[in-house]
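Chain B: place on chain A using the hints.
These protein sequence lines are chains A and B, in that order. For the first sequence, the numbering used here begins at 1 and goes up steadily by one. For the second sequence, the numbering used here begins at 1 and goes up steadily by one.
Keep in mind the hints are simulated off the structure, nothing from the lab. Just to be clear, a hint being listed does not mean it is correct.
[Unchecked claim] Calculated lysine-lysine pairs in the DSS-like style (CA-CA distance at most 25 Å, straight line):
hint	chain 1	residue 1	chain 2	residue 2
1	B	Lys22	A	Lys136
2	A	Lys71	A	Lys37
3	A	Lys218	A	Lys153
4	B	Lys29	A	Lys136
5	A	Lys153	B	Lys29
6	A	Lys71	A	Lys30
7	A	Lys30	B	Lys22
8	A	Lys193	A	Lys218
9	B	Lys11	A	Lys153
10	B	Lys32	B	Lys22
11	A	Lys153	A	Lys136
12	A	Lys218	A	Lys236
13	A	Lys153	B	Lys32
14	A	Lys71	B	Lys11
[As the list claims (entries may be wrong)] Computed list of chain B residues with no C-beta within reach of chain A, every gap over 10 Å:
hint	residue
15	Ala67
16	Val330
17	Val382
18	Phe390
19	Ile443
20	Val444
Yeah, the Cβ is synthetic: ideal placement off N, Cα and C, and Gly gets one too.
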Amino acid sequence: MADTAAARTDVEQQTVVRTVDVRKIYRMGKVEVHALKGITLDIQVGEYISIMGPSGSGKTTLFNMVGALDKPSSGQVYIDEVDVAQLDAYELAWLRCRKIGYIFQTFNLIPVMSALENVTLPMTFAGLTTDEARDKGMDLLDQVGLAERYDHKPFELSGGQQQRVAIARAMANSPSIILADEPTGNLDLATGKEIIQLLGEMNAHQNVTIITATHDIKMLSASDRIIWVRDGTLAKIERREDLDIQVGSIEGDAEGGVEASLRGTEEDEQDAG
Amino acid sequence: MAQPGHGGGQKIGRQIVLPFSKAFEIAWKGIKIRIWRSMITMSGIILAIAFLMSVWTGGVFERALHAVPESHPLHSLVQGALEAEAMAGGGVRLHCVVAEERAGGSVEAITPGGSLETFLNATEAFRAESVSAEAEALAEVLDRETADVSALILVGLPPGLADAQAASLLERFVRDGGFLLVYGAGGVSDAAESPLAGLLPATPAGGVRSFDEGSLTRGPQAVQVQWATHPAARFVEARARSGAVAMAVARDGGDEVAWSWDLGKGQVAWYSVDGASAADPDVLSWFVRGQGAEGADETVQVAGSLMNRLIARGAGSRGQTHDMRGVWLVTLSLMVCVVGITNAMLMSVTERFREIGTMKCLGALDRFVVKLFLIESSLQGVVGSLIGAFIGFVLAFLRALLTYRVTDLETGETFWLTLHFFPIGSVLVWLVIALAVGIVLSIVAAIYPAIRAARMEPVQAMRVEA
Numbered sequence: 001m002a003d004t005a006a007a008r009t010d011v012e013q014q015t016v017v018r019t020v021d022v023r024k025i026y027r028m029g030k031v032e033v034h035a036l037k038g039i040t041l042d043i044q045v046g047e048y049i050s051i052m053g054p055s056g057s058g059k060t061t062l063f064n065m066v067g068a069l070d071k072p073s074s075g076q077v078y079i080d081e082v083d084v085a086q087l088d089a090y091e092l093a094w095l096r097c098r099k100i101g102y103i104f105q106t107f108n109l110i111p112v113m114s115a116l117e118n119v120t121l122p123m124t125f126a127g128l129t130t131d132e133a134r135d136k137g138m139d140l141l142d143q144v145g146l147a148e149r150y151d152h153k154p155f156e157l158s159g160g161q162q163q164r165v166a167i168a169r170a171m172a173n174s175p176s177i178i179l180a181d182e183p184t185g186n187l188d189l190a191t192g193k194e195i196i197q198l199l200g201e202m203n204a205h206q207n208v209t210i211i212t213a214t215h216d217i218k219m220l221s222a223s224d225r226i227i228w229v230r231d232g233t234l235a236k237i238e239r240r241e242d243l244d245i246q247v248g249s250i251e252g253d254a255e256g257g258v259e260a261s262l263r264g265t266e267e268d269e270q271d272a273g
Numbered sequence: 001m002a003q004p005g006h007g008g009g010q011k012i013g014r015q016i017v018l019p020f021s022k023a024f025e026i027a028w029k030g031i032k033i034r035i036w037r038s039m040i041t042m043s044g045i046i047l048a049i050a051f052l053m054s055v056w057t058g059g060v061f062e063r064a065l066h067a068v069p070e071s072h073p074l075h076s077l078v079q080g081a082l083e084a085e086a087m088a089g090g091g092v093r094l095h096c097v098v099a100e101e102r103a104g105g106s107v108e109a110i111t112p113g114g115s116l117e118t119f120l121n122a123t124e125a126f127r128a129e130s131v132s133a134e135a136e137a138l139a140e141v142l143d144r145e146t147a148d149v150s151a152l153i154l155v156g157l158p159p160g161l162a163d164a165q166a167a168s169l170l171e172r173f174v175r176d177g178g179f180l181l182v183y184g185a186g187g188v189s190d191a192a193e194s195p196l197a198g199l200l201p202a203t204p205a206g207g208v209r210s211f212d213e214g215s216l217t218r219g220p221q222a223v224q225v226q227w228a229t230h231p232a233a234r235f236v237e238a239r240a241r242s243g244a245v246a247m248a249v250a251r252d253g254g255d256e257v258a259w260s261w262d263l264g265k266g267q268v269a270w271y272s273v274d275g276a277s278a279a280d281p282d283v284l285s286w287f288v289r290g291q292g293a294e295g296a297d298e299t300v301q302v303a304g305s306l307m308n309r310l311i312a313r314g315a316g317s318r319g320q321t322h323d324m325r326g327v328w329l330v331t332l333s334l335m336v337c338v339v340g341i342t343n344a345m346l347m348s349v350t351e352r353f354r355e356i357g358t359m360k361c362l363g364a365l366d367r368f369v370v371k372l373f374l375i376e377s378s379l380q381g382v383v384g385s386l387i388g389a390f391i392g393f394v395l396a397f398l399r400a401l402l403t404y405r406v407t408d409l410e411t412g413e414t415f416w417l418t419l420h421f422f423p424i425g426s427v428l429v430w431l432v433i434a435l436a437v438g439i440v441l442s443i444v445a446a447i448y449p450a451i452r453a454a455r456m457e458p459v460q461a462m463r464v465e466a
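Same shape as in the complex, but just chain A (with noise of 0.2 Å):
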């Protein structure tokens, strides 16, 4: 994982992502909820971005705008320095097919499709023939590991082979970014750490951005940087290398890892085995 970081030294950081003094304001009848009050970030290409916090704190909000599934009430998105308030809905729907990948914490797949139909639906959207779409898509599960379940239904999935297939599904148009809402969510603890690793994969040979809202401290270690979000503002960005989190003690101590990361000290845990 730490390979990624001095790989891209000598690639020209690009901004994929940038917010410029995002606020978003929900009306509830008379009252105004202040969801998000100035966040400014960016991210880079080719980075893995946890988006932190507690429920209520606009983690998911924040999530959506930079996600271009919803606009700010005030203050800019831009994905690819294009604003994306300034889109209209076929160019929305464009880059939401094209640029950027979803995974969901239900995964999402279309219950009465197939898993390859299911990775090349967003093939047949882009304009790709069939023959050409299942080919890719049969390569894209064989990348999950999934290439013989590829006329099974979802129901016939367990979760984490569901969320593999999410994962083709996000890769189908070669996008730039791959946005994952709670991708481990639904997971139990194996399965999640593979799902993990599977990402980490993408990021790291397909040079995929990745930014995902996750409460799960399993995804610290893969991440290159962790914003955390309290309170509708930037609490704070670590990278994950003044983290200083060992990929065993995770396992260990999950609530002493937290612990840890939010008091910032070093910890030296033994590996779990």
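Here is chain B on its own, set in the frame of chain A:
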């Protein structure tokens, strides 16, 4: 076709509009998996179209029987069946006033009993009333319930009725559309003396000539009709000449012979109970064979069956109101069906929020989502309409089959008339119309839910709870 390259270097493009076939593919897959859920939506269409079809094709079977030409060997049975059906269909109330001559020259009120009792019992549609045959009473009845009295049967011609009164009463009655049946038993002494003399065709002295000599196996040698120089008789003549339907029935020995005056033509046609004349379509040309019993009962029953036919013909013209009610019922059921489908589809949209949101995240345009739902609904419409039309047809067919089933009393053979006269062309036409209606309905009903689905925000796909 643009290559989906690494989105990083490419500026924002515009999403292409997918061909219809793609939407169809995905919608078709959706239906196959959600087949049980679709059945619920479809059941509304099935019921509505079944109802529609059964109403339409019911009429088709009946019209096919009406269209049977008189030359067809089964024509008489067909007529009988249609008339019986019309009778049973109700809607025609007949008020029958029967005035009878008693022996001794006086006219007495009718009391149910004896032959008349049989008559009344044999025709349930009648509401008979006993009245004094005197002119005042008769006038009062006719005055009071003119609208209700559809037919007047004079059993015998009461000689006690005064000329002018009876004539005017009867004249007004027939002018108002009533049917007058003068039923006289007895014989005629001399045809020349009869006020009907001018109408009778030239006959050999003392004899009666039949049109169809072959059918009248036992030809009466003399027909005796007891026509007094009665105003009613003259009246009947006069009316007959001007076109009203009038008829006299007489018995000669053991045979029934009847005269009828053709509408406006002034001709006299002879009928035996066996045969029918094809030359007078406007006049009742059918007698059913007297059903068994000898004596007065038989003649009464003949008169009764004559009335049946009249009522049936009258009932036919009353059929219009039936149709309007049918149209209203059908329209109502279709409207209910549309509401039901809309509701079911809205529920479906609400439940599939995640799926729709995800599709939009994958790049589906709003119009694609609309197409998806419209196609789904129209597919359901096609399948539902086919099933419904079939069910409706079967129901109507079975009903017609059982209704128009007659037994020829002579031969004892049973005919399933609907099978003999099956209107395949009309049935197919209505089938196509029912299908079209079902599909249009399904699409119309899905418009609002489809638009709701299309407006759904992709961020909905993120929601964890339903």
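Structure-based check of all given hints:
| no. | hint | verdict |
| --- | --- | --- |
| 1 | B:Lys22 with A:Lys136 | 18 Å, holds |
| 2 | A:Lys71 with A:Lys37 | 14 Å, holds |
| 3 | A:Lys218 with A:Lys153 | 29 Å, violated |
| 4 | B:Lys29 with A:Lys136 | 21 Å, holds |
| 5 | A:Lys153 with B:Lys29 | 12 Å, holds |
| 6 | A:Lys71 with A:Lys30 | 21 Å, holds |
| 7 | A:Lys30 with B:Lys22 | 45 Å, violated |
| 8 | A:Lys193 with A:Lys218 | 7 Å, holds |
| 9 | B:Lys11 with A:Lys153 | 35 Å, violated |
| 10 | B:Lys32 with B:Lys22 | 16 Å, holds |
| 11 | A:Lys153 with A:Lys136 | 19 Å, holds |
| 12 | A:Lys218 with A:Lys236 | 19 Å, holds |
| 13 | A:Lys153 with B:Lys32 | 13 Å, holds |
| 14 | A:Lys71 with B:Lys11 | 20 Å, holds |
| 15 | Ala67 | 51 Å, holds |
| 16 | Val330 | 35 Å, holds |
| 17 | Val382 | 19 Å, holds |
| 18 | Phe390 | 27 Å, holds |
| 19 | Ile443 | 21 Å, holds |
| 20 | Val444 | 25 Å, holds |
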